[in-house]
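> Residue numbers (the UniProt record's numbering), protein chains in the order written: chain A, 1 to 370; chain B, 1 to 427.
Hints listed in this document are in silico derivations from the structure and should not be mistaken for laboratory results.
Quantities reported herein were computed from a predicted structural model and do not represent experimental measurements.
It is possible that some hints are incorrect.
[To be verified] Lysine-lysine pairs mimicking PhoX-like chemistry, simulated, CA-CA at most 25 angstroms apart: (1) A:Lys184 <-> A:Lys170; (2) A:Lys222 <-> A:Lys94; (3) B:Lys191 <-> A:Lys115; (4) B:Lys268 <-> B:Lys67; (5) B:Lys270 <-> A:Lys132; (6) A:Lys77 <-> B:Lys191; (7) A:Lys94 <-> B:Lys191; (8) A:Lys276 <-> A:Lys222; (9) B:Lys266 <-> A:Lys132; (10) A:Lys30 <-> A:Lys276; (11) B:Lys270 <-> A:Lys94; (12) B:Lys355 <-> B:Lys343; (13) B:Lys268 <-> A:Lys94; (14) A:Lys132 <-> B:Lys268; (15) A:Lys115 <-> A:Lys94; (16) B:Lys343 <-> B:Lys356; (17) B:Lys278 <-> A:Lys94; (18) B:Lys278 <-> A:Lys132; (19) B:Lys266 <-> B:Lys278.
[Stated by the list, open to error] Away from chain B, derived, C-beta distances all over 12 angstroms, residues of chain A: (20) Asp18; (21) Lys77; (22) Glu104; (23) Ser165; (24) Leu171; (25) Asp205; (26) Ala212; (27) Lys276; (28) Gly301; (29) Glu313; (30) Gln348; (31) Asn358.
All residues carry an ideal CB built from backbone N, CA and C; glycine is no exception.
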Amino acid sequence: MSAGVGVDLENLWIRFGDFVAVRDANVHIKGGDFFSFLGPSGCGKTTILRAVSGFLEPSEGNVLIGGNNMKGIGPNKRPTALIFQNLALFPLMKVWENITFSMEIKGASAGERRKRADELLEMIALPDQGDKLPSELSGGQRQRVAIARALCAEPDVLLLDEPLSALDLKLRQHMRTELREIQKRVGITFIYITHDQGEALTMSDDIAVMRAGVIDQIADGKTIYNDPATAFAASFVGENNVFRGKVAKVMGNEVMISTNRSGDLVSRVSTANQGKLNVGDDAMMFIRPEALALAPDGASGDHFVTATVTHEEFEGNVFNIFTEGDGGKEIKVSLPNLGQSFESHTGQPITLEYDSNNAVAVPAGELAAE
Amino acid sequence: MMSERIIRYSIWIYLGIFFAYLLGPLVIMSITAFNSPTFPRATPWECLTFEWFSALFQDQRILNGIKNSIIVGLGTVILSVSMGLAGALMLTQIWPKLRATYYTIIIAPILIPGVVLGISTLVFWDRINRMLGLGADSFLSNGLFLTIIGQSTFIASYCLLVLVARLQRYDLALTEAALDLGASHAQAFRKILLPFMRPAIASAAVLAFLASFENYNTTTFTFGEYPTLTIELAQKVRYGITPAISALAFIIVALTVFFALINESKIKRKEQVMEARKNATVAELSKGVKVPGFLSGNPAAIVLVLFCIGSVAVVGTATAYSPDQCIARVKEQKQIEAEERIKELRRKRDADNLKKFKGVFDPDEISPEEEEAPKQDNNSGFGGVFDPNALSGDDDAQDGSDASGGDESGNNSGFGGVFDPNNLNSD
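With these hints in hand, go ahead and build the complete structure from the sequences.
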């Protein structure tokens with residue numbers, strides 16, 4: 001795989017009047033990476049993408065592509081290609097004309113264009129569809145045409161603005177693998193915008209988690225899932241149970257948190273916050289539903305939680321138990337379905353157990369909206 | 001049951017009245033174009049004639065008017081559509097807070113009377129012309145230029161309305177996508193936006209041409225030495241109209257119907273092609289989709305073909321047909337009728353006279369009466385004031401009196417020859 005062209009954002013600020021859309025973003029994207037910006041809608045991720053593609057001038061700071069400052073360079077002069085959220089296929093052009101639009105601009109002959117279009121159509125597994133109009137294709141096919149059109153321009157960086165959001169679930173999952181494969185094949189840098197953590201986790205080399213214009217954490221998917229830097233990252237990526245409280249004791253890389261409702265619990269401190277949590281600080285502790293297990297009744301200690309079951313549900317691969325939790329939030333426990341029998345506990349108190357390595361403590365902060 | 005039938009009948013009656021109101025005048029006018037009397041009338045029908053068409057095409061003023069109208073129309077189309085498009089694009093780009101104000105300003109010319117626009121165009125460009133120190137024959141005071149400029153002031157607003165409607169459905173992301181793929185702004189405009197706008201541009205152009213072609217009140221101030229068709233027609237009507245104007249109207253109606261049919265059949269055709277594409281397989285798409293024949297399932301196309309055949313037949317008949325015989329016969333008949341009427345009148349008068357003067361006077365004595373004679377010359381209420389001969393007669397009389405006065409005293413002054421230089425000499 002070729003090295004590819006990296007993208008750097010240096011102290012990037014973007015303001016619309018008084019509104020700050022992006023606040024001091026510093027990101028280094030390695031060449032040839034599949035990099036995702038993950039965040040809820042309105043967090044400024046699309047704004048960053050538009051700044052990289054050149055449709056928006058940053059208020060402050062720089063965008064560097066391959067080490068070159070892009071200040072004052074228009075979108076048509078940047079080595080980027082953008083795949084729009086609504087795809088923006090040209091409705092009056094046939095598929096092959098759409099795909100080779102970038103060649104038409106450069107004055108390529110029709111024969112040349114047709115040949116290249118056929119190659120690309122082969123690559124996106126839509127051979128012989130070149131003579132259709134975009135309106136005659138299905139959603140997934142249009143998606144692939146948009147990708148082919150962007151790739152035809154031979155960009156160094158491909159920018160994707162939630163391109164899968166309009167597709168149904170099955171297709172979305174299929175396109176994830178396909179996108180990842182295309183990226184590996186062409187070897188260029190992909191920057192992907194999404195609010196779907198599943199997409200970000202499955203496809204990306206690295207992910208930046210964004211909240212209200214601020215980048216909370218940049219790391220690979222595993223790190224973000226297992227070792228979130230902020231309360232927001234912990235609650236936004238994947239499901240998580242939160243326990244609020246104050247730090248009671250610091251023990252190296254672990255802390256004892258006296259929680260509001262479950263007594264003293266022990267937890268690992270997330271890597272990004274090690275040494276930053278002191279006794280008396282407000283803190284939050286997160287335990288994934290799958291990290292909780294049923295413990296024998298009457299067990300107690302700093303890694304046991306007791307709660308009353310409110311309801312249960314069978315999801316196929318897991319069996320979910322919901323108990324009353326802290327501050328209106330319930331605690332969810334997911335037990336893997338290994339063929340064992342589940343007896344109902346609804347209305348009964350149960351004891352839950354976890355490994356302190358699977359719990360993570362961060363300073364108290366804003367949680368992601370449900 | 002009963003009331004339902006009444007409703008159904010009244011709807012048909014209403015439709016009949018409605019269409020008679022809309023199309024009746026056109027039908028009557030078209031009929032007059034083929035009738036032989038020199039004043040356009042549909043009844044009584046005398047002779048089928050095509051002479052009004054040849055009269056029309058021999059009328060240099062009408063032909064010149066048509067030519068000027070077409071030149072002005074094309075100029076107006078180009079100017080109005082480009083101004084309208086620019087205005088429409090501006091509307092999408094402008095700062096949102098200013099949008100309503102901008103819209104009001106740019107639409108205002110539609111609300112201003114055409115007469116005002118005509119006068120102001122004339123005055124404005126005249127001032128410019130003078131400021132630049134140009135003469136009365138400069139380009140800026142040229143009738144064609146002024147008419148195009150004057151008409152475009154408000155026709156551009158019509159175009160803008162048509163174009164804005166289409167532009168509102170345009171996805172700005174398409175332009176961005178083109179830019180992102182390396183197109184310059186000009187290329188994005190030409191290759192993406194302009195093709196998208198093409199149907200609206202075509203409608204705007206047709207609208208602009210028709211609005212320009214029929215415009216009178218603005219043009220009447222600006223045409224200068226280039227009268228358009230409407231101006232020529234208006235001037236002609238003042239001297240009385242001939243069926244040649246009906247012939248012109250008929251041609252315009254026929255052309256309108258012709259283009260409407262073409263448009264209709266084209267739209268239908270497009271629908272059929274889209275339908276065929278939808279059902280076509282991939283292989284068919286690349287080789288060319290099979291579409292049904294031009295006439296199948298396309299009533300507008302059928303009517304169009306019939307219409308063309310009809311026109312060819314009419315033109316063919318017109319070249320072969322000569323109404324001379326019929327006209328001669330009608331003339332003869334009219335003459336006979338007229339003579340008959342005269343005879344009738346004379347007989348009546350004789351009978352009357354006989355009744356009135358029976359035994360009192362000899363009827364022959366009354367006609368040579370001297371004092372009654374001048375009244376027969378003139379039946380105007382103004383008693384010969386407007387008689388052109390009255391003026392010259394007076395002149396003659398004066399000349400005569402001057403000549404005779406010289407003989408009498410040589411002086412008609414109130415001062416009785418005091419200032420006559422001849423008097424001094426004699427003293």
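> Could you run down the list of hints and mark each one as holding or not?
Against the structure, the hints come out as follows:
1. A:Lys184 <-> A:Lys170: holds (22 angstroms)
2. A:Lys222 <-> A:Lys94: Not satisfied, since the Cα-Cα distance of roughly 42 angstroms exceeds 25 angstroms.
3. B:Lys191 <-> A:Lys115: Cα-Cα ~21 angstroms, so holds.
4. B:Lys268 <-> B:Lys67: Distance ~33 angstroms between B:Lys268 and B:Lys67 Cα, so the pair is violated.
5. B:Lys270 <-> A:Lys132: holds (16 angstroms)
6. A:Lys77 <-> B:Lys191: holds (18 angstroms)
7. A:Lys94 <-> B:Lys191: Answer holds: A:Lys94 to B:Lys191 is near 13 angstroms, not above 25 angstroms.
8. A:Lys276 <-> A:Lys222: holds (22 angstroms)
9. B:Lys266 <-> A:Lys132: Given pair B:Lys266, A:Lys132 holds - Cα atoms ~21 angstroms apart, limit 25 angstroms.
10. A:Lys30 <-> A:Lys276: Violated: A:Lys30 and A:Lys276 sit about 29 angstroms apart, past 25 angstroms.
11. B:Lys270 <-> A:Lys94: holds (16 angstroms)
12. B:Lys355 <-> B:Lys343: holds (18 angstroms)
13. B:Lys268 <-> A:Lys94: The given pair, whose Cα atoms are some 21 angstroms apart, holds under the 25 angstroms limit.
14. A:Lys132 <-> B:Lys268: holds (21 angstroms)
15. A:Lys115 <-> A:Lys94: holds (15 angstroms)
16. B:Lys343 <-> B:Lys356: Roughly 20 angstroms separates the two Cα atoms, so the pair holds.
17. B:Lys278 <-> A:Lys94: Status holds; Cα separation ~14 angstroms.
18. B:Lys278 <-> A:Lys132: Within the cut-off at roughly 9 angstroms; holds.
19. B:Lys266 <-> B:Lys278: holds (18 angstroms)
20. Asp18: holds (16 angstroms)
21. Lys77: violated (8 angstroms)
22. Glu104: violated (7 angstroms)
23. Ser165: About 14 angstroms separates A:Ser165 from the closest Cβ of chain B, which puts it past 12 angstroms; holds.
24. Leu171: holds (21 angstroms)
25. Asp205: For A:Asp205, whose nearest Cβ neighbour in chain B is about 24 angstroms away, the distance exceeds 12 angstroms, so it holds.
26. Ala212: Since the minimum Cβ distance to chain B is about 25 angstroms, A:Ala212 lies beyond 12 angstroms and the statement holds.
27. Lys276: Holds, because the least Cβ-Cβ distance between A:Lys276 and chain B comes to about 42 angstroms, which exceeds 12 angstroms.
28. Gly301: holds (58 angstroms)
29. Glu313: holds (41 angstroms)
30. Gln348: holds (55 angstroms)
31. Asn358: holds (44 angstroms)
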